[in-house]
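As you go down the protein sequences, you meet chains L and E in turn. All residue numbers for the first sequence refer to my numbering, where the first residue is 1 and numbers rise by one. All residue numbers for the second sequence refer to my numbering, where the first residue is 1 and numbers rise by one.
Note that these hints are calculated values from the structure, not bench results. A portion of the hints provided could be inaccurate.
BS3-like, lysine-lysine: derived pairs with alpha carbons at most 27 Å apart [to be verified]:
#1 L:K19 to E:K266
#2 L:K67 to E:K97
#3 E:K190 to E:K97
If you only want the chain L side, here are some residues facing chain E, beta carbon under 7 Å, derived [claimed, not checked]:
#4 K65
#5 E85
#6 T93
Note that the Cβ used here is the ideal one computed from N, Cα and C, for glycine as well.
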Amino acid sequence: MYYEAIVIGVSSGGMKALKFLSSSLPIHFSIPIIIVQHLSSKSDSHWIHLLNEKSQLNVKEVDEKEKITKGYIYIAPPNYHLMIEKDQTFSLTIDERVNFARPSIDVLFESAAEVFKNKLIGIVLTGSNSDGTNGIIRIKKYGGLAIIQDPTTAESEYMPKSAIAAIIPDHVLSLEKIIELLLKIDHKNK
Amino acid sequence: MRNKETSDLEISLLLEAIFQKYGYDFREYSQAHIRRRIMNRMAVSQFEDIAEIQSKVLNDATFASEILQDLSITVTEMFRDPLFYRSLRENVIPILKTYPFIKIWHAGCATGEEAYSMAILLQEEGLYERTTIYATDFNQMALNRAKDGIFSNKMIKEYTSNYQLAGGKESFSNYYTSNYDNVIMNQSLKKNIVWANHNLVTDSVFAEVNLILCRNVLIYFDKNLQNKVQTLFYNSLINGGILCLGSKESLRFSDLYAHYIELDTKQRIFKKKY
Ligand SMILES: C[S@@+](CC[C@H](N)C(=O)[O-])C[C@H]1O[C@@H](n2cnc3c(N)ncnc32)[C@H](O)[C@@H]1O
């Protein structure tokens, strides 16, 4: 197996994108997916159950110290930063907000890059701030694959644009094309 | 950008040095957390590499205490997770009411907001007068601020809303006086709180207590250290005593899970079996 994980950062306009993504991936998709979605600190996890019902994969909120496993789509809990340990388990912290956000995409991406190095795929989707940009820089620095949602197809173009301005992305694609690409990668990955 | 990558070995040597020289033991903390904080410090203070931090830590006590601050995250709130406090009122207060004297331990109290929230709740439930609250942390700077009980009024709107969601019975503004940009917590809330420096990793069993709150501290520890600290809590609780963890913390992976009953699974409230 080549790619070991996919990290995704998404902010405003993200709910629709996540619904589409989680309902489009097939049951045999073998790369674990880890998502930071910006939400209010008091939001509950109801929407995660809804995503899970509509997905062939297991969509769940991260539990502290849980081991990353294939077949899962993990979502960072509100009001905690999500990080990955060398033994591929999750840590949560309540450090200060980063880019006004907790969870912050940068925090997840940076720690994931340290662990998975060039075996990581980073995806920046719709959003109206620049969280994720430093993270995707780090992922590229370690040789990972950077996929950015085509800003013209994103509900909010700011976040993908900010990422594109900072790195040379490997792919700039619509959500549909991103999913096609992931399926192709997953196929080769086995 | 530095081209030299900071290795795990370098970080663990730094932690070893801090422990040997100052007795603060971060060796079993979450590595991802420690790495992030150290890398931030390197960026902020423009260090070339970790060896530079190491020699400065060993030769400069002021700098060492800055590093300790870097590694101790004191982010907290009044009535953080309001539904947890609501559950405390419903499920724990009735148990506490059966005791003539009550001892409560806030382990990792940071700047004190959690302990003040508890004091308010106990006053409203008529239990404060027979309670001693031990609020401990290993971060002396945070403890000093806790003792002062002065908080920025920027947060008051949010705290007021938390307080109401938590089932508060009064007006939150009854509990403090405003002073320019700050609020000062009432003296009556402070009188039964004992602030003390205590390190969960290196100090021993605290006291025979009825209730322990240790919220959002264990997330910073690795599994092994979590287990050790859980043993410390178990030994500090009376039989039938209550343990409260943070909303994302679990006892399930702990060896001691079987020795507790879950009072409120969602709010992470446990009762030590008799
Ligand atoms: C994020 S705060 C939690 C504050 C509060 N309990 C809450 O949930 O809002 C974590 C606190 O744990 C303290 N802490 C970390 N390691 C500790 C140790 N070994 N002994 C005592 N306190 C520790 C830190 O100094 C910090 O104040």
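If any of the earlier hints don't hold here, list their numbers in rising order.
2
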